[in-house]
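I would like the entire structure built from these sequences, with the hints used as guidance.
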Amino acid sequence: MKRELSHDEAFALLDAAAMDALEGSERDAVLAHAAQCETCGPELASVRETFAQLAFAAPKAVELDATAQERIHSRLMDRVAAGSRAKVVSPLGPVPSSPLPPMPMSMTQERRIVNSLAWRRAEWIAAAASVLLVVSIGMLAAIMRDRETVHDALQAELARSAGTRTTTDSLRTLVASRDSMIAGLIGRDVTVMSLTSAGAKAPFAKMFWDTSRNTWTLAAHNLPELKTGRTYQLWLVTKTAKISAGVFAPTNGEAIVRATYPLPKDSLEAIAVTEEPAGGVPQPTGAIIIAGK
Amino acid sequence: MQAGDEAALSEFYNRWFPVVSSLISRILKSADDVEDVVEETFWQAWRQANRFAADRGSVQTWVLTIARSRALDRLRATRRLREETIDEGNATDSAAKGVASTLPSASDPSLDAEHAERRQFVVAALSELPREQREALELGYFGGLSQSEIAERTGQPLGTVKTRMRLAMLKLRDRLAPLREDTR
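As given, the protein sequences belong to chains A and B, one line each in that order. Each number in my numbering comes from the position in the first sequence (counting from 1) with 1096 added on. Each number in my numbering comes from the position in the second sequence (counting from 1) with 3 added on.
Among these hints, one or two may not hold up.
[To be verified] Derived pair list, reagent style DSSO-like, types lysine-lysine, alpha-carbon separation capped at 27 Å:
id, chain 1, residue 1, chain 2, residue 2
1, A, Lys1361, A, Lys1335
2, B, Lys32, A, Lys1156
3, A, Lys1361, A, Lys1389
4, A, Lys1361, A, Lys1323
5, A, Lys1156, B, Lys174
None of these hints come from the bench; they were simulated from the model.
Written out as structure tokens, the structure reads:
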């Protein structure tokens, strides 16, 4: 419950409020007073304007050169495009009934380059691309819907508890994660590849490679459940190396895997998922579950 | 931008990127974090453009407030991830970064003319403040510390910190008034 502040009390806290250095009920009370006080309202706005100008005292961001500026701009416009397309994709049809699996967390950590070239690719078989596309569009729609749900939760949380930063930070991170994933799926520089298998249960996947952001998003389906002590491992295969893009475990046969790894456009030979011992291996040893290019 | 014009977003981005990126870089250490938060700032500005009301403040204050908030969110999240409190590692680095790097180099030839002019003006105004007032402002603005945390860090009574910030703010407001008129 908000405690009402006297004018003098509120006025004394305006500097801190303008710097967003108050928390919880105190912040609410100051803002509530300022909203209806003819002195404090304009004063708060004025202090905010003054403090904002301190930003100009910051030295130039040396780590962000013109290339970085362009890269960020490109990503930003991809997200804008993704937001626009979300309105187009959603009406296409019902999304898969299977729940969206949790996002794996370990994909950018393991990037081991291995050198063996003796990996067979004879079992890699092409499948019906149209079927894969339908499923992946469905998954994309689910991601977008999920993103909107998280975003709505963030807005509600912001409105409810302006002073509690932990939850809102987490929700912001989730929203950003979904936005980033959507951009990685349908950005203008995204190349889409199909991964298939000859297995009876026919697991399959699509890989979205955003060459401008160096992000890889794998949407896999029908993956067999793993036994204890086993994991799936994603590989980026070039002429000279098999690069581990991380390990993951599916939920109900479904998985969305994200990795970040820079690779020249013409160097990718194939993508594969193998089953390996838990924790992953530096060089593929297990059976190829799905593969393709 | 409020009408959803993507070209307007690009123009807005190019106009505000220099100061937004500088501010975020000043608050965060990691280049990856800086890049992420710059993107998040403009993404939020795009999504919330219809909430901006010119009669409640300038575009400059609006976008810089978003940038600072996002950067401090990331800074706090990073601190939590490391299970750190605000210790010598982060906030003091921020403060030191500010005092050491902000004041001596008011002139930066790589900045565009308008940004450089504003920077020179603000740095000059800051340099006229007593050191303890400047320190309190920088810990609060760039370090994201509350007044209580500033008091604890500097070993000064809370009331003293409040007074220092108020005096500093009043001086800055007068000194920077010409810039505020420009941003209307």
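A quick look at each hint next to the structure:
| no. | hint | verdict |
| --- | --- | --- |
| 1 | A/Lys1361 <-> A/Lys1335 | 13 Å, holds |
| 2 | B/Lys32 <-> A/Lys1156 | 14 Å, holds |
| 3 | A/Lys1361 <-> A/Lys1389 | 12 Å, holds |
| 4 | A/Lys1361 <-> A/Lys1323 | 35 Å, violated |
| 5 | A/Lys1156 <-> B/Lys174 | 25 Å, holds |
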